[in-house]
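Asks: Sequence:
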Amino acid sequence: MSTVTSPKRIRNSLIAIVAIVLSAAIFLGFQTQANSNSLEAQAQKSTPIDVALTNGKPTLTEFYADWCTSCQAMADDLAEIKSKYGDQVNFAMLNVDNSKWLPEILRYRVDGIPHFVYFNNKGEEIAQSLGEQPPSIIEANLDALIAETSLPYASSNGQISTFNPGVNAATSDPRTHSSQQK
1 MSTVTSPKRI RNSLIAIVAI VLSAAIFLGF QTQANSNSLE AQAQKSTPID
51 VALTNGKPTL TEFYADWCTS CQAMADDLAE IKSKYGDQVN FAMLNVDNSK
101 WLPEILRYRV DGIPHFVYFN NKGEEIAQSL GEQPPSIIEA NLDALIAETS
151 LPYASSNGQI STFNPGVNAA TSDPRTHSSQ QK
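In UniProt numbering, the protein residues as written are 1 to 182.
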């Protein structure tokens, strides 16, 4: 009876070991693929915003968050676009969950993500677009940005009012300005 049990135990142990090795290989394979185009990996490779706006190349800045499903859905397409246009265009990524970028979030009126801001080669904002977009739309905008022509799929901005960050939110709510008597 011990001779019958022993081969079954060996076979079962081998099956378990093979299953564990295959599971680990599949898991690591998916992790490597996902991480290469992850938002965090792309942000680490992106051009710092202060460099991007002063190095003489046009810039596409993306405001994003790691939890944003639209941002995640666009990550692979944007990684491909960045590899295609990376020699001609700066790509800057600013995480809206990082309070370091609050001045930029306010300046460019980011109220939804992904939020894209296009800058010409002089670092001047020329257009913005909001939300998940197909790669063809982004590429058409980048082609126009490089050619220094109007962007076909982004809303252009004119002059904007200067935002005064000195307003105390506890005493003044901008959403109620019309109901307050001064």
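What the hints contain is simulated information worked out from the structure, not anything from laboratory work.
Predicted model only: the values in this text are computed from it and were never measured.
A hint or two may mislead.
[Unchecked claim] Label-pair ranges, simulated between beta-carbon atoms:
#	residue 1	residue 2	range
1	PRO135	ALA19	36 to 46 angstroms
2	TYR153	GLN88	17 to 27 angstroms
3	ASN120	SER83	20 to 30 angstroms
4	ASP50	THR149	45 to 55 angstroms
5	ALA73	SER6	48 to 58 angstroms
[What the hints assert, rightly or not] Here are the simulated DSBU-like cross-link-like pairs (lysine-lysine), alpha carbons at most 30 angstroms apart as the crow flies:
#	residue 1	residue 2
6	LYS8	LYS45
7	LYS8	LYS57
8	LYS100	LYS122
9	LYS82	LYS57
10	LYS122	LYS84
Cβ coordinates follow ideal geometry from the N, Cα and C atoms, glycine included.
Asks: All hints, please: hold or fail.
Replies: Do the hints match the structure? See the list:
no., hint, result
1, PRO135 - ALA19: 36 to 46 angstroms, "holds, 39 angstroms"
2, TYR153 - GLN88: 17 to 27 angstroms, "holds, 18 angstroms"
3, ASN120 - SER83: 20 to 30 angstroms, "holds, 22 angstroms"
4, ASP50 - THR149: 45 to 55 angstroms, "violated, 26 angstroms"
5, ALA73 - SER6: 48 to 58 angstroms, "holds, 53 angstroms"
6, LYS8 - LYS45, "violated, 52 angstroms"
7, LYS8 - LYS57, "violated, 67 angstroms"
8, LYS100 - LYS122, "holds, 23 angstroms"
9, LYS82 - LYS57, "holds, 14 angstroms"
10, LYS122 - LYS84, "holds, 22 angstroms"
Of the hints listed earlier, those the structure fails to meet are numbers 4, 6, 7, in rising order.
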